[in-house]
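Residues per chain, in single letters:
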Amino acid sequence: MLIWLSESEFATLQSVCDRMVPKSDATPGAVQSGAPEYIDTLLGAFSFDPPRIWAGGPSSGRAGGVAAFKNFHSLTAMDELAWRTRIEGSQGIPEREFNGPVIGLQQAYRDGLAALGSDFDALTPEEQSERLHATPDFAEMVFTHVCEGMYGAPEYGGNRETRAWAAIGFAGDVQPRGWTDQEVSAP
Amino acid sequence: MSVDAVIIGSGPGGSTAADVLTQAGWNVVIIEKGRNHLLDPKDLSKPASDFSNDEVKFMDRYFLGPDPFLEPRTFRVSVEEGDRSHVGEVNSIPSTVGGGGTHADGKTPRFREVDFAMLSEFGPQPDAQMADWPLSYDDLEPWYAHVENAIGVAGTEGANPFAAPRSGPFPMPSGAPMYASTISSAAAEKLGFHPYAAPTAANSVPYGGRPACNNCGFCAFLGCPIHAKGDPVALLTRTMATGRAELWSETYVSRIRTQGRQATGVDYIGPDGVERSMDAKHVIVAGGAFETPRLLLLSGIGNELVGRNLMCHYQSIIVGMMPFDVHGDRGRAVTHVHDDAMIPDKRSIQAAKDAGLPWIRGGLVEHSGGGMPAREAKIYPWGANHGELMKNSPMRRHLFAFIMQGEDLPYATNTVDLDPHIKDVRGFPVARITYRPGRHELVASQHYGPQLEEILLEMGATWTTKTSSPGTSYNGPHATPVPESRHIIGTARMGVDPATSVVDEWGRVHGLDNVIVADSSVFPTSAGYGPTLTLVALSARAAGHLAGVTPASLS
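Those protein sequence lines, which keep their order, are chains U and F.
Everything in the first sequence is counted per this note's numbering, starting at 3 for the first residue and increasing by one.
Everything in the second sequence is counted per this note's numbering, starting at 23 for the first residue and increasing by one.
It is worth saying that the hints were derived from the structure and are not from the lab.
Since the structure is predicted, the reported quantities are computational estimates derived from the model, not experimental observations.
For glycine and all other residues, C-beta sits at the position ideal for the given N, C-alpha and C.
Any given hint might turn out to be false.
As the list claims (entries may be wrong) - Calculated pairs, EDC-like style, for lysine to aspartate or glutamate (alpha carbon to alpha carbon, straight line, at most 20 Å):
1. F:Lys-413 / U:Glu-97
2. F:Lys-64 / F:Asp-82
3. F:Lys-413 / U:Glu-163
4. U:Lys-25 / F:Glu-410
5. F:Lys-413 / U:Asp-20
6. U:Lys-72 / U:Glu-163
7. F:Lys-400 / F:Glu-179
8. F:Lys-400 / U:Asp-139
9. F:Lys-400 / U:Asp-20
10. F:Lys-368 / F:Glu-475
11. F:Lys-445 / U:Glu-97
12. F:Lys-400 / U:Glu-99
13. F:Lys-303 / F:Glu-111
14. F:Lys-445 / U:Glu-99
15. F:Lys-400 / F:Asp-26
16. U:Lys-72 / F:Asp-82
17. F:Lys-445 / U:Glu-82
18. F:Lys-488 / F:Glu-475
Said to hold, decoys possible - Residues from chain U that keep clear of chain F, each with C-beta distances beyond 10 Å, as calculated:
19. Pro-52
20. Gln-108
21. Thr-126
22. Cys-149
23. Pro-189
Stated by the list, open to error - Here are some chain U residues the structure puts well away from chain F; computed CB gaps all over 12 Å:
24. Trp-6
25. Asp-51
26. Gln-184
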């Protein structure tokens, strides 16, 4: 279920993600790894209580211990001010504009996806890449989030079934098991 | 209310002062502008469980602060750039309970004798404000020993042939060496260098009621989920256990109030946004080399040298592609270092002569490899090959680096002052950093870089490259002039003469009887070692002097 993006926006985002990190024989692509869902979760972080900003600690349960990543931290008023401004933009609210107006991620995604054109999904890969290269700031923002969505902890909405970690041989979070001295010094 | 001391900042410097003073029977309030993720809110004498192996939380979402939206900093290379050339993150050392100690990987080397007497031993440099410290290594050694035991430093006695003498052993042995560091150390030794196990404030055995490090690999820049890293959680928990300390987090000190030669207390803004005042017999400032001068300037305290002589560490980053997996995701981030670049030899003397400089010094060289996957993913260009690149992982699994923390010299033109226009969320002017490395730093980087490249080739590197931070020495990905080093030093230098220094040898601000600076702001010179253990030892010494206690009387 989508959290913040519309169906059509999400479809375009999927195409963008697929263009940035497509599936290969050896590795899942951004779409298979859940990067679009990570981005949608970030944009809609304040749809949750607590907001999906900081996963809990000290462990996820994947390497033993308690499954605490799913218990997101509550935000203080200051934290909320920062993250609402970052995500929603300043929207003319004085307390968010102490150093000037801020365009939020939601607006940046909405405008950026729209600027790619309603026909983006139907373009050839080369044409899609060309359009993305024509909007470098937007492409860089999406790619940054794609990387986080693929290789961050799955509790943030991406890295579906930790497929991306598995594909690159990364163990992920390992607390409280950790590594033995032997595994560190003579793997 | 009035207390014996208000301590501004809960990082390594402030925590150490709190520990010493509460042991001496003082009542203190520790004020921290960041949030508390370090101590259990239900019992502040115990650690919390907020930290985790979570790259997104720590590396992308400012969990340890400062959030650059709430607390931006500004930067310019020089005054010729105008008011500023950058707004946002500048050396974002954490703003949270525990301060920079929470994110550091815990390397805690001592300085050597010569580092306290650079003007006498090495001599002046063009444009640099070289100075001797007003104290010697021997003066500080008992406090080094005290704080090593208090925070728990793992090390190997005699491993570093250049180390200054010690009055006692490390409290625990070194931890497990990282795989690639065993290879880099062997290669370095073969070429005549002297690598050794880095003294590290991460438990190699259970110590101080905290467990041994379990080598999780999420070390540098992240909080330790099991609190094997001792600085400053070890000090803060036992401080709070005395019952003589209060910790006020999310509280911002806006001004130190003074009357004549006395500070009378501070004005502060609590989490509710209300401004209040409190009285204190002493004010201890431990905000770090950016926030300390900022507060002094906001308060109108100190002389015209406040904020001057900012030093970072000029980082030379020499990397090589290894034909083997470096397994950098296991262990303490850096387990081996060498000091050779700080020891003059024929080659460095000739290099200085060729450059027309009286001398050059490099800095501690860290043997380092590995990293976290989202960092790696962002480096590769997007496109069809991205997945394959991540699978083969040339950066994370095969790149090995030597990072030299080159000694910055003190220049009066490298400064922290108040930005004339940019404010923080509470409406106060933010710190503006004006910084450009000097010729000495660039010459030293160019001299030592090729030597480190030779070690990489000896290790079997198939290719090597060099970069630096700030990006002025070598072309490369670190093209930004904003230094990435979290080692920030200077800006309230100590000295005997009020005409050439801001504080005296006890950290006391000249002209005021009861305002003490207890962080790396007070360093007259930067050495080439990470500043943490030395600032902690200085803080303990200053607090001990204040309360009339010695290391022998403290636990």
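To see whether the hints hold, each was checked on the structure:
1. Restraint check for Lys-413 (chain F) and Glu-97 (chain U): the C-alpha separation of about 45 Å exceeds 20 Å, so the hint is violated.
2. With a CA separation close to 28 Å, the supplied pair Lys-64 (chain F) and Asp-82 (chain F) exceeds the 20 Å bound.
3. Restraint check for Lys-413 (chain F) and Glu-163 (chain U): satisfied, since their Cα atoms lie roughly 17 Å apart, inside the 20 Å limit.
4. With a C-alpha separation of about 10 Å, the suggested pair Lys-25 (chain U) and Glu-410 (chain F) falls inside the 20 Å cut-off, and the hint holds.
5. Between Lys-413 (chain F) and Asp-20 (chain U) the CA atoms are separated by roughly 17 Å; this keeps the pair inside 20 Å, and the hint holds.
6. Proposed proximity of Lys-72 (chain U) and Glu-163 (chain U) is supported: the alpha carbons are some 14 Å apart, at most 20 Å.
7. Our distance criterion of 20 Å between C-alpha atoms is broken by Lys-400 (chain F) and Glu-179 (chain F), whose separation comes to about 40 Å.
8. The hinted pair formed by Lys-400 (chain F) and Asp-139 (chain U) meets the criterion: a straight-line CA distance of about 14 Å does not exceed 20 Å.
9. Straight-line distance between C-alpha atoms of Lys-400 (chain F) and Asp-20 (chain U) comes to about 16 Å, which keeps the hinted pair within the 20 Å bound.
10. About 19 Å separates the Cα atoms of Lys-368 (chain F) and Glu-475 (chain F), which keeps this hinted pair within 20 Å; it holds.
11. Using a Cα cut-off of 20 Å, the hinted pair Lys-445 (chain F) and Glu-97 (chain U) holds, with the two alpha carbons roughly 12 Å apart.
12. Among the hinted pairs, Lys-400 (chain F) with Glu-99 (chain U) is inconsistent with the structure: their alpha-carbon atoms are about 30 Å apart, more than 20 Å.
13. Pair hint Lys-303 (chain F) plus Glu-111 (chain F) does not hold up; C-alpha atoms about 35 Å apart against a cutoff of 20 Å.
14. Using a Cα cut-off of 20 Å, the hinted pair Lys-445 (chain F) and Glu-99 (chain U) holds, with the two alpha carbons roughly 11 Å apart.
15. For the hint pairing Lys-400 (chain F) with Asp-26 (chain F), the CA-to-CA distance comes to about 50 Å; that exceeds 20 Å, so the pair is violated.
16. With a CA separation close to 18 Å, the supplied pair Lys-72 (chain U) and Asp-82 (chain F) stays within the 20 Å bound.
17. Note on Lys-445 (chain F) and Glu-82 (chain U): the hinted pairing holds, with a Cα-Cα distance of about 19 Å set against a maximum of 20 Å.
18. At most 20 Å may separate the alpha-carbon atoms for a hinted pair to count; Lys-488 (chain F) and Glu-475 (chain F) meet this at roughly 8 Å.
19. With 10 Å as the threshold on Cβ separation, the claim that Pro-52 (chain U) sits away from chain F holds: the shortest Cβ distance comes to roughly 13 Å.
20. With 10 Å as the threshold on Cβ separation, the claim that Gln-108 (chain U) sits away from chain F holds: the shortest Cβ distance comes to roughly 15 Å.
21. With a cut of 10 Å on Cβ distances, Thr-126 (chain U) stays outside the contact zone with chain F, its closest approach being about 13 Å.
22. The non-interface label for Cys-149 (chain U) is inconsistent with chain F: the shortest C-beta to C-beta separation is roughly 4 Å, within 10 Å.
23. The claim that Pro-189 (chain U) is not at the interface with chain F is violated, since a C-beta of that chain comes within 10 Å of its own (minimum 5 Å).
24. Look at Trp-6 (chain U): its CB is around 17 Å from the nearest CB on chain F, clear of 12 Å, so calling it non-interface holds up.
25. Listed as a non-interface residue, Asp-51 (chain U) keeps its Cβ farther than 12 Å from every Cβ of chain F; the least gap is roughly 18 Å.
26. Interface exclusion of Gln-184 (chain U) from chain F breaks down, the closest Cβ pair being 8 Å apart, not more than 12 Å.
Violated hints, listed in ascending order, are 1, 2, 7, 12, 13, 15, 22, 23, 26; each of the other numbered hints is respected by the structure.
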